[in-house]
Every structure is written in structure tokens, then in C-alpha cells.
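Going line by line, the protein sequences match chains A and B. Be aware that the first sequence starts at 1, since it is given in our numbering, and climbs by one per residue. Be aware that the second sequence starts at 1001, since it is given in our numbering, and climbs by one per residue.
Heads up, some of the hints might be wrong.
[As the list claims (entries may be wrong)] Here are some, though not all, of the chain B residues that point toward chain A, as calculated from beta-carbon distances under 7 angstroms:
1. MET1003
2. MET1005
3. GLY1053
4. LEU1077
5. LEU1080
6. ALA1082
7. LEU1085
8. THR1128
[Claimed, not checked] With a Cα cut of at most 25 angstroms, we get these calculated DMTMM-like pairs of lysine to aspartate or glutamate:
9. LYS27(A) with GLU1075(B)
10. LYS2(A) with GLU61(A)
11. LYS1074(B) with GLU61(A)
12. LYS2(A) with ASP1041(B)
13. LYS2(A) with ASP69(A)
14. LYS27(A) with ASP39(A)
15. LYS1074(B) with ASP69(A)
16. LYS27(A) with ASP1072(B)
Think of the hints as simulated: they come from the structure by calculation, not from any bench. All residues carry an ideal CB built from backbone N, CA and C; glycine is no exception.
The residues making up each chain are set out below.
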Amino acid sequence: MKQLSGLLAGVLFGAGLVLAGMTDPDKVLAFLTLGSAWDPTLIYVLGAAVVVTFVGYRIVEKRSAPLFDGVFHAPASTLIDRRLLGGAALFGVGWGIAGFCPGPALVGLMTFDPRAAIFLVAFVGGVVIYERWFSQAPVIEVAVAETATVDG
Amino acid sequence: MTMAMIGGGLIGLSAVWLYLSLGRVAGISGIATNALLRVRDNTWPTLFLLGLGIGGWIAYAVVGPRPAIVLDGKESLLLLVAGVLVGFGTRMGSGCTSGHGVCGMARLSRRSLLATVCFLMVGMATATLLGAL
Chain A
1 MKQLSGLLAG VLFGAGLVLA GMTDPDKVLA FLTLGSAWDP TLIYVLGAAV VVTFVGYRIV
61 EKRSAPLFDG VFHAPASTLI DRRLLGGAAL FGVGWGIAGF CPGPALVGLM TFDPRAAIFL
121 VAFVGGVVIY ERWFSQAPVI EVAVAETATV DG
Chain B
1001 MTMAMIGGGL IGLSAVWLYL SLGRVAGISG IATNALLRVR DNTWPTLFLL GLGIGGWIAY
1061 AVVGPRPAIV LDGKESLLLL VAGVLVGFGT RMGSGCTSGH GVCGMARLSR RSLLATVCFL
1121 MVGMATATLL GAL
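Could you build all of it, start to finish, from the sequences and the hints given here?
And the structure:
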């Protein structure tokens, strides 16, 4: 059930992105480009998503635990630092160049959008560069360490 | 506008379902990183990514396929530069449009609100400048 829950969440998310028009990078760029041809669509998408999530989270948090896991894993950090804002800024530059962020690009890859394929090859490169040389707690090495503990 | 809100609503439902079922926030950059780079416990993130494709297929069947795309060299190069920045930036900033913009804002996280304002402003400045060139 745990694995199928992930699949269902992905299906809803992917369908939502396409219906909202967010898998079309030109539409995203039309939102990010200020001027006479400005397209406000993304505000409605983000607004609806945040409102539904806000209400839903509050209902879910009345439970003591999720359906298929022992505890909730909401991020605990409240740190506002250069990493957070610097990372968000770099992300913003990339987003503003291509009109792709990770979700729409992944949907694009699996629906054979060549732009998404090119973007994602570079995306994985960017993730690996950060995790390999810049991260204080690299996911790659964490995975190895955890496996080592479990496997003895 | 209606389709935008239906689509946004589905994204919200996805986030709520992931929190109800697994207690996880729906941050796609994090899920993708776990699916691709972790060696253990990466089954649900991998299936989430597969689900994105299936959901996309279903939705394109409903609204009609996207027009054919012709790529030139300059656009490909820009996509490569953008991809590296987005990959690096989402790891450094611990999230992207979904993790900070949707889930974090819904949790009223000050961290996510600031990150979202930051990438929206920088994204707008970048796209507007490039559009004017």
C-alpha cells in the first residue's frame, strides 16, 4: 500500500500539472515575463494548490500518524540562511531561463517532450554536482552509510 | 482559469494524499533526488515519478496532445544551463515550486514563504530580462 500511495500521488500530481497548463514551458515563461502579454494562470494554479493543501493538511494533522507510516515526516528546519535563499535564487534563474521546474519536466520526459529530456539530463547533473561537492549531508553518502548500518 | 484551478486542486489533493498516506510532503525535487540517488527506500519515490508520467498521459488524452516541438541549438544550450541551475539550486535551497511553493506555504513555513518569494522574483527578473534581449 505504501508503494501504491506514492504512485497514486504521482498520478494526481502529473494530471494536475498538465490540466493546469504547467507542462508547457512557454506558458510558465509567459507568467514569469512581466509586460503586456503577462499570463497570470500560474497564480490560480498555485493558489488552488495551496488552499487545498492547507485545508487538507489541517484535517490530516488531527490523526496521530499517517495511514501507512508510523510518523509524519514534515520538514522541521526553520533556518533561514544563505543556502536557502541562494539555492532559491539559483533555482529562480534556471526556472526563468527555461520555464521548467522538476515536476513539469518529469511529466514532459515521460510524455516525450524533447525539451524536458535535455533539461532533466542537466538537472540530474546539477543535483549530483551539489550532492557530491557542496552538500553538508549528501544524499548519496547518507544512503551508503544507512545501508552499511542495516547490512551490518 | 477554471482548468488552472482544477489542475491546481489536483496538485493539492496529491499533496494531501501523500501526507495522509505516508506522512510525506510532496516536494518533487526531493522525491526525484531520492528516487535517483538513494539505494534504499526509494520504491515509493520511484513509483511517484512513474505516476507523474501516467497522470500526464491521462490528462493529455483528455485535453488533447501538445503540438510537435522543434528544437534549435541555442534553445538546447539554454535548457542545459537552466537544468544545471535548477538541479543545483533545488538541492542547495532544499526545495522547488512544489516543496516550498505548495507544501511549505500550506504549512505556513516562513522558510518556504521566503524561498518562494525569492525564486518567483528571481525567475520573473530572469525571464523578463531574457525576453527583452
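Hints and how they fare:
no.: 1; hint: MET1003; result: holds (6 angstroms)
no.: 2; hint: MET1005; result: holds (4 angstroms)
no.: 3; hint: GLY1053; result: holds (3 angstroms)
no.: 4; hint: LEU1077; result: violated (9 angstroms)
no.: 5; hint: LEU1080; result: holds (4 angstroms)
no.: 6; hint: ALA1082; result: holds (3 angstroms)
no.: 7; hint: LEU1085; result: holds (3 angstroms)
no.: 8; hint: THR1128; result: holds (5 angstroms)
no.: 9; hint: LYS27(A) with GLU1075(B); result: holds (16 angstroms)
no.: 10; hint: LYS2(A) with GLU61(A); result: holds (19 angstroms)
no.: 11; hint: LYS1074(B) with GLU61(A); result: violated (48 angstroms)
no.: 12; hint: LYS2(A) with ASP1041(B); result: holds (11 angstroms)
no.: 13; hint: LYS2(A) with ASP69(A); result: holds (8 angstroms)
no.: 14; hint: LYS27(A) with ASP39(A); result: holds (7 angstroms)
no.: 15; hint: LYS1074(B) with ASP69(A); result: violated (47 angstroms)
no.: 16; hint: LYS27(A) with ASP1072(B); result: holds (19 angstroms)
Violated hints, listed in ascending order, are 4, 11 and 15; each of the other numbered hints is respected by the structure.
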